[in-house]
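2 protein chains.
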Amino acid sequence: MNLDFKYTSDGLIPAIVREVSSPGRVLMMGWMNRQSLAKTLETGLLHYWSRSRHQLWLKGETSGNTQRLIRWFTDCDRDTLLFEVEQSSGACHQGYRSCFFQELDFSGEPKPVIEQRLFDPAKVYAK
Amino acid sequence: MNLDFKYTSDGLIPAIVREVSSPGRVLMMGWMNRQSLAKTLETGLLHYWSRSRHQLWLKGETSGNTQRLIRWFTDCDRDTLLFEVEQSSGACHQGYRSCFFQELDFSGEPKPVIEQRLFDPAKVYAK
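Protein sequence lines, in the order shown, are assigned to chains V and E. First residue of the first sequence: 6, per my numbering; consecutive thereafter. First residue of the second sequence: 6, per my numbering; consecutive thereafter.
If you are wondering where the hints come from, they were derived from the structure by calculation, not from laboratory data. We put the beta carbon where it would ideally sit given N, CA and C, even for glycine. Some hints here could point you the wrong way.
To be verified - Simulated coverage check for chain E against chain V, where a stretch passes if three residues somewhere in it have a Cβ under 8 Å from a Cβ of chain V:
#1 20-28
#2 31-37
#3 94-101
Please model the complete structure; the sequences and the hints are all you need to start from.
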């Protein structure tokens, strides 16, 4: 398996995740190391490296909201990856489809959130 | 201006850039600091922080291929930003629309590049 990318000094690489279906929203950004990347390619389900918990993390392990890998790309510098996925329910731990649900105005203040939650985080993560 | 995000220990935050027009491709990822972020919001043109040259960098300064800011979002953790832009010509210094022109197969090997270059880097960056 060719996983020769430019990792940070911590052995990590940013992974941008986009939904494969229209309108192709950006869902989240996570961090991967070689292990989580290999696991992602082997299983077809996105795995990350948790920088806070220092462990391999299958997206959807708790919530059930997994991400199925459809296509992936490297950027020209080989220091960032882009994954196109089929997202089950919402990617965001706050219950939204995308972690980027909060639009800001040009002074950095939050605009009203128009997106509806897909699930109740209190119920999903209480399990 | 409210720029209170979670920056890295180097004072940086990742900026994912997506084209605003259909199909809304992810164009690149760059790094910003407070200064480049403020400059982006003030001018409406995306500015980054060059980690190699240690300086503020207006995207398109050399190539002319600027990115006009349309909308922007923070993620739920306030540690990643998403910008929707109007991209002039190509975002990639190799002449492609997107830096993510290289698709990989599930063993990490490059697939044939089907995208056409929008400009010749040798000519654009020789100026």
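Original post:
What are the numbers of the hints that this structure violates, sorted from low to high?
Top reply: The structure breaks none of the hints.
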